[in-house]
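Visitor: Order-wise, the sequence lines are chains A and B. Under this note's numbering, the residues of the first sequence are numbered 1 to 68, in order. Under this note's numbering, the residues of the second sequence are numbered 1001 to 1462, in order.
Some hints here could point you the wrong way.
[Claimed, not checked] One side of the interface only, derived from the structure: several residues of chain A facing chain B at Cβ under 7 Å: (1) Ser-26; (2) Leu-28; (3) Ile-29; (4) Ala-39; (5) Leu-42; (6) Leu-43; (7) Ala-45; (8) Ile-50; (9) Asn-52.
[Unchecked claim] Interface residues of chain B toward chain A, partial, derived using beta-carbon atoms under 10 Å: (10) Val-1061; (11) Val-1148; (12) Tyr-1215.
[Said to hold, decoys possible] Estimated spans, in silico, between C-beta atoms of each pair: (13) A:Ser-46 x B:Ser-1230: 41 to 51 Å; (14) A:Ser-46 x B:Leu-1025: 27 to 37 Å; (15) B:Thr-1232 x A:Ser-46: 41 to 51 Å; (16) A:Ser-46 x B:Ala-1351: 51 to 61 Å; (17) B:Asp-1180 x A:Lys-55: 47 to 57 Å; (18) B:Asp-1185 x A:Lys-55: 21 to 31 Å.
The hints are simulated quantities; they were obtained by calculation from the structure and are not laboratory data. Each residue gets a CB set at the ideal place from its N, CA and C atoms; glycine is no exception.
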Amino acid sequence: MILQLLGHAIGVLTRPPAYLDPGSGSFLIQLLIAVLLGAGILLRASWSKIKNLFKRAKSDKSEDNDDE
Amino acid sequence: MTNSSALRASFRDPSGFLFLDNGILYRQVNQAYQPDYDFLFSSGLYAELIGKGMLVRHEEVDQKPFQPLHPYKVIRPELVEFISNPYEWSFSQLKDAALRTLAIQSRAMKKGMSLKDASAYNIQFHQGHPILIDTLSFETYHEGQPWVAYKQFCQHFLAPLALIAYIDVRLSQLLRVYIDGIPLDLASRLLPARTRLKFGLSTHIHLHALFQRKYASTGSGRSNQSARMSQTSLESLVDNLKTVVRSLKWKPTGTEWSSYYDETASHYSDDASRHKFEIVERFIGKIAPYAVWDLGSNTGVFSRAASKHGIPTVAFDIDPAAVERNYLDCKANKETHLLPLVLDLTNPSPALGWNNRERMSLLERGPVDCVLALALIHHLAIANNVPLAHLADFFHQAGHWLVIEFVPKQDSQVQILLASREDIFPDYTREGFEAAFKQFFNIHETVPVRDTPRMIYLMEGR
């Protein structure tokens, strides 16, 4: 899943504009990681919703903590 | 004639620089930095970080600027006990410094500021805790802007921590070669393939290195204006870095010295060890030094003869495992006067960086008031063939007072060293030792350690 997302994101970013400076790689990777982290949070939130469908009467146990 | 001089490590940042005037350390803040400097206070960030012990305290003073061109203010920072370098830290020290940097960045973002540097050299250990010593590291954060210090953070902290955790603790010494942190393409090549399966390392190091290479050759010009990221995204990036750093672990096993005390416990009685501690403690009490370096400290058992009396003590040892254990003990016991550091005395930290003057060598950071050299001299003289006169000369440069243990040939530890080699050390006798050291020191007192053939000397530099 992660690898697919990575592949997609790299595909989007493979043709950079010509005006990027050498530090640009470090800037762009931050954007990519932010997108991936955001996607991860969404996926986890969705997954916990799906799991909740199969749980009965355990509604107060949310699992949206993405970090320790 | 003036007694002022700019500090040699402090020249890159146009915001300001450090200078010494009559032995007092000041930092000049330049006009260019005025808006950010003022915002550091008006945002409440300075007060918050000082309250948390995360930033070095300073006071604004009425001192003449060192460079009269464009000065805004002169501040006088509180001094840290000893300036240490990241390649002298144990794994947990580097990890704590990394987490401290990220914690500061998180707090800064909440106050509308951001770290513009994430250099490991900006973190120092003060009273047992990592602390940011560069007050001018903050800039006003503008929504949409990525973290400018991200690459530096990865090079200075994440790459060495990952290399230690996944390969070998000795790779921390790459920081000595690469003064601006370990290049990510190198870290990426060295790290084992399985780290590519870890989200944190695969992105922050491997993919980061790939992006650097990919976009390095795409031409010149300023950064991509469309490269915007929200504050929430930036905060999640920093939080993710915290998670990755926390997940990196190193357990000292199988190194040369980590079990030294357990092993030697069988050679020396508790009584001898206690007696040695008493002798050292009495000598320290007699000298009342303002600072101590314990060279070859192992896990710092005897360093505590000084540090437990509130004397700032640096405990140097060649073994990263012993230093790690010492640091973790200091943390667990909340010891604030002891700083454990990794140092190979046969090749001590040199002067490094631009003009060989950015990072001070070990001896440039001295001399210290008192040097402890316990159970050390046989390793240098016999295992490393350093003549006794050269040792005396070195200790004389390192400190004024010297508490040194002479370990004679009949000692079991020296016998072990001599077992595998020819004895080419005819001068390695008590008489030879005293004759060599008398060229540089006056011997004040000599005490034999109970139940052992060893002697402890109290010497004062001539």
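Visitor: Can you give the numbers of the hints that this structure goes against, from lowest to highest?
Guide: Going through the list in order, the structure violates hints 4, 5, 6, 7, 8, 9, 10, 13, 14, 15 and 18 and respects the others.
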